[in-house]
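Residue 1 is where the sequence shown starts when you use this note's numbering, and the numbers rise one by one after that.
It should be emphasised that the hints constitute simulated quantities derived from the structure, not laboratory data.
Some hints here could point you the wrong way.
[As the list claims (entries may be wrong)] Estimated spans, in silico, between C-beta atoms of each pair:
#1 T183 x K128: 28 to 34 angstroms
#2 M47 x P114: 44 to 50 angstroms
#3 Q196 x S165: 15 to 21 angstroms
#4 R99 x A158: 25 to 31 angstroms
#5 I143 x E187: 57 to 63 angstroms
#6 K128 x L60: 54 to 60 angstroms
#7 A95 x K128: 47 to 53 angstroms
#8 R103 x K128: 36 to 42 angstroms
#9 K207 x E98: 26 to 32 angstroms
#10 H45 x A236: 27 to 33 angstroms
#11 N75 x R118: 46 to 52 angstroms
#12 P227 x R108: 51 to 57 angstroms
#13 D145 x V167: 31 to 37 angstroms
#14 Q175 x H45: 40 to 46 angstroms
Since the model is a prediction, treat every value here as computed from it, not as a measurement.
We put the beta carbon where it would ideally sit given N, CA and C, even for glycine.
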Amino acid sequence: VDRTTWNKAQAQLNKNKIHASRNCQHDYLLRRRIKCACGRFMTGHPMKDGRYFYYECASLSSHKHLSGCPGYRVNSVQPDTLVWQWLVDLLKDEAQVERGLRRIRERREAEMEPRRKRLETVGQSIVKEEAGITRLVNSLAEIEDEFTVDTIKAQIKAKQKYRVSLVSEAERLSQELEEQSFTEEDEARIKEIAAQLRDYIDTATFKEMRYVVDRLDVQVRLRVDGPKRWLDSSCAFELPTRSIELPSSI
1 VDRTTWNKAQ
11 AQLNKNKIHA
21 SRNCQHDYLL
31 RRRIKCACGR
41 FMTGHPMKDG
51 RYFYYECASL
61 SSHKHLSGCP
71 GYRVNSVQPD
81 TLVWQWLVDL
91 LKDEAQVERG
101 LRRIRERREA
111 EMEPRRKRLE
121 TVGQSIVKEE
131 AGITRLVNSL
141 AEIEDEFTVD
151 TIKAQIKAKQ
161 KYRVSLVSEA
171 ERLSQELEEQ
181 SFTEEDEARI
191 KEIAAQLRDY
201 IDTATFKEMR
211 YVVDRLDVQV
221 RLRVDGPKRW
231 LDSSCAFELP
241 TRSIELPSSI
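Assemble the whole structure, with the sequences as input and the hints as a guide.
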């Protein structure tokens, strides 16, 4: 990120924090969405009488402090500014949004395919069990031996029980597929949201910025690689993660 982009994004972020309805020490853009390199969530903390604000690894306030935790504290201005600028660039690019939607569709299809195959197998098994139950029931009319009749009835009961479990599994799989499906309506809604966000993204208030972060399900994780620190960031429109380097001198 060049100096001009950094200054512009930071100025907008600071302006919105000043005019936010809540006390500025609580205005952390990535609250509940940024994790430390060790995997724990990072929480916002004011320092030096509220003059600076940091994200700190939750291990600092735990009795089970992770002594090997790298880079557990970072000035909140850095990740807030860099991640917000990434989102601005992402949503301003309609082609990028289209690519993001395509990735969502492809990911959903890949995730749903095993369930679809399992549902097909379960459906075939239900048909097979129903045919077997019908065959056994019909055979009872031709059998007079009481022991054999009891044996067949036990088989029918076992098959009926198994069929019930199959039907239950099929219903669960169908519901999961319905919930995870990415429909044309879903795509249209996301495009509508992206268009709305573009209308105010450069002048967004802190509340609106948080709305964008939540709506796009932004997830950030700090990564330490030698002397460098990175923000591995992802959202609903861009997967896999985008690695954003944290500046060491800004």
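Tested hints:
no. : hint                            : in the structure
1   : T183 x K128: 28 to 34 angstroms : holds, 32 angstroms
2   : M47 x P114: 44 to 50 angstroms  : holds, 48 angstroms
3   : Q196 x S165: 15 to 21 angstroms : violated, 46 angstroms
4   : R99 x A158: 25 to 31 angstroms  : violated, 52 angstroms
5   : I143 x E187: 57 to 63 angstroms : holds, 59 angstroms
6   : K128 x L60: 54 to 60 angstroms  : holds, 59 angstroms
7   : A95 x K128: 47 to 53 angstroms  : holds, 49 angstroms
8   : R103 x K128: 36 to 42 angstroms : holds, 38 angstroms
9   : K207 x E98: 26 to 32 angstroms  : holds, 28 angstroms
10  : H45 x A236: 27 to 33 angstroms  : holds, 29 angstroms
11  : N75 x R118: 46 to 52 angstroms  : holds, 48 angstroms
12  : P227 x R108: 51 to 57 angstroms : violated, 39 angstroms
13  : D145 x V167: 31 to 37 angstroms : holds, 32 angstroms
14  : Q175 x H45: 40 to 46 angstroms  : holds, 42 angstroms
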